[in-house]
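Per this note's numbering, the very first residue in the sequence shown carries number 1; after that it's consecutive.
Note that these hints are calculated values from the structure, not bench results. Glycine included, C-beta positions come from ideal geometry on N, C-alpha and C. A portion of the hints provided could be inaccurate.
Stated by the list, open to error - Think about it this way: if two alpha-carbon atoms lie no more than 27 Å apart in a straight line, the pair counts; the simulated DSS-like pairs of lysine-lysine are:
| no. | residue 1 | residue 2 |
| --- | --- | --- |
| 1 | 154 | 94 |
| 2 | 204 | 193 |
| 3 | 94 | 34 |
| 4 | 221 | 191 |
| 5 | 179 | 219 |
| 6 | 193 | 220 |
| 7 | 172 | 34 |
| 8 | 204 | 191 |
| 9 | 34 | 179 |
| 10 | 154 | 191 |
| 11 | 204 | 180 |
| 12 | 220 | 204 |
| 13 | 34 | 180 |
| 14 | 94 | 107 |
| 15 | 193 | 222 |
| 16 | 204 | 221 |
| 17 | 204 | 222 |
| 18 | 179 | 109 |
| 19 | 107 | 154 |
| 20 | 172 | 154 |
| 21 | 219 | 186 |
| 22 | 191 | 107 |
| 23 | 191 | 220 |
| 24 | 172 | 186 |
Claimed, not checked - What follows is a list of derived Cβ distance ranges for each label pair:
| no. | residue 1 | residue 2 | range |
| --- | --- | --- | --- |
| 25 | 39 | 184 | 15 to 21 Å |
| 26 | 22 | 89 | 28 to 34 Å |
| 27 | 82 | 220 | 26 to 32 Å |
| 28 | 220 | 29 | 38 to 44 Å |
| 29 | 209 | 95 | 22 to 28 Å |
| 30 | 186 | 103 | 23 to 29 Å |
| 31 | 120 | 197 | 19 to 25 Å |
| 32 | 39 | 19 | 21 to 27 Å |
| 33 | 218 | 31 | 17 to 23 Å |
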Amino acid sequence: MGFNQIIDLNKIYKTTMQDFSKLIASISLTDSDKLLQGWGYNLAAEYYEILSHATLDTHQPILELATGTGRMSAVLTRLGCDVVTGDVSTEDRKNAELRITKEYLHKVKLLTIDMESLPFDNGSFPSVISMNTFHHLEHPEVCLNELIRVHSGKNSLIIGDFNETGFAELQKVYQILYKKDHPQGKMTLDKLKPLLETDYHEVKEIHTQLNVTLIASGKKKK
1 MGFNQIIDLN
11 KIYKTTMQDF
21 SKLIASISLT
31 DSDKLLQGWG
41 YNLAAEYYEI
51 LSHATLDTHQ
61 PILELATGTG
71 RMSAVLTRLG
81 CDVVTGDVST
91 EDRKNAELRI
101 TKEYLHKVKL
111 LTIDMESLPF
121 DNGSFPSVIS
131 MNTFHHLEHP
141 EVCLNELIRV
151 HSGKNSLIIG
161 DFNETGFAEL
171 QKVYQILYKK
181 DHPQGKMTLD
191 KLKPLLETDY
201 HEVKEIHTQL
211 NVTLIASGKK
221 KK
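Starting from the given sequences, assemble the full structure and let the hints guide the process.
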C-alpha cells in the first residue's frame, strides 16, 4: 500500500500521529465537532486511522462522496491527496471550504453531484471513499453500484458509517443543536457488505470508536 506508492500509511500512523495531530488541529471545527470532542471523540482523527488500513496514493485524484461539511476532504488534503468531491446540495459548500481552509483548497475540486448517477466514466478513479454518507441516502444500493462502477479497482474503495455508538452520539448532537432526530439510514453496513463481496475479492471490516468501515480491494473482472 502507499501514498506516493512508496510510503506505508500504516507505519506513518504508528510513528507520526503526534505530527498529524497538528494537521488535524488545523481543520476548522463545527459545532458538532466541538460537542463530540467534549465527549472524547475526534472524527477527523478517526478518519485518519481508517485510512491507515487502506491502499491510496497521491498520483491520482481520490473521489470522495459526499462532501458534507468537508471533513474527509480536509483530512485527505493534509495527507497530500488531490480530491474530487461532490454533494447533491451546495448548502454546506461554504462550510466545507472553511473547514478545508484556503491553504489546502487548491487540492480540492468541489462539484454538485447526484450519487445515484455519477457523471464519470467506468473505472475513472483508482480510490473511492464515502464516509458517514449512506445513512442520508434514499436509494443506497443504487449509489453503491455507482461507486463500484466508477472505481477502477487499482486501490481501495472505502465505505463507512456510524456504528451503534456513533448513531447514539450523533442523535445527542442533533437534539442539542437542531432539536430533531439524526437520520438512521435505510441500509446498514452488514447488509451492504455482501453486496460489496460480489464485486471484490477482499472486503475488510474496520471498527473505530464511532464507525464501522468496509475497505474493498481486488475488484473482480466482469
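These are the hints, each one checked on the structure:
no.	hint	in the structure
1	154 with 94	violated, 32 Å
2	204 with 193	holds, 9 Å
3	94 with 34	holds, 19 Å
4	221 with 191	holds, 23 Å
5	179 with 219	violated, 42 Å
6	193 with 220	holds, 15 Å
7	172 with 34	holds, 13 Å
8	204 with 191	holds, 14 Å
9	34 with 179	holds, 17 Å
10	154 with 191	holds, 24 Å
11	204 with 180	violated, 34 Å
12	220 with 204	holds, 15 Å
13	34 with 180	holds, 18 Å
14	94 with 107	holds, 16 Å
15	193 with 222	holds, 19 Å
16	204 with 221	holds, 19 Å
17	204 with 222	holds, 21 Å
18	179 with 109	violated, 33 Å
19	107 with 154	holds, 21 Å
20	172 with 154	violated, 39 Å
21	219 with 186	holds, 25 Å
22	191 with 107	violated, 34 Å
23	191 with 220	holds, 20 Å
24	172 with 186	holds, 20 Å
25	39 with 184: 15 to 21 Å	holds, 20 Å
26	22 with 89: 28 to 34 Å	holds, 32 Å
27	82 with 220: 26 to 32 Å	holds, 27 Å
28	220 with 29: 38 to 44 Å	holds, 41 Å
29	209 with 95: 22 to 28 Å	holds, 24 Å
30	186 with 103: 23 to 29 Å	violated, 37 Å
31	120 with 197: 19 to 25 Å	holds, 23 Å
32	39 with 19: 21 to 27 Å	holds, 25 Å
33	218 with 31: 17 to 23 Å	violated, 40 Å
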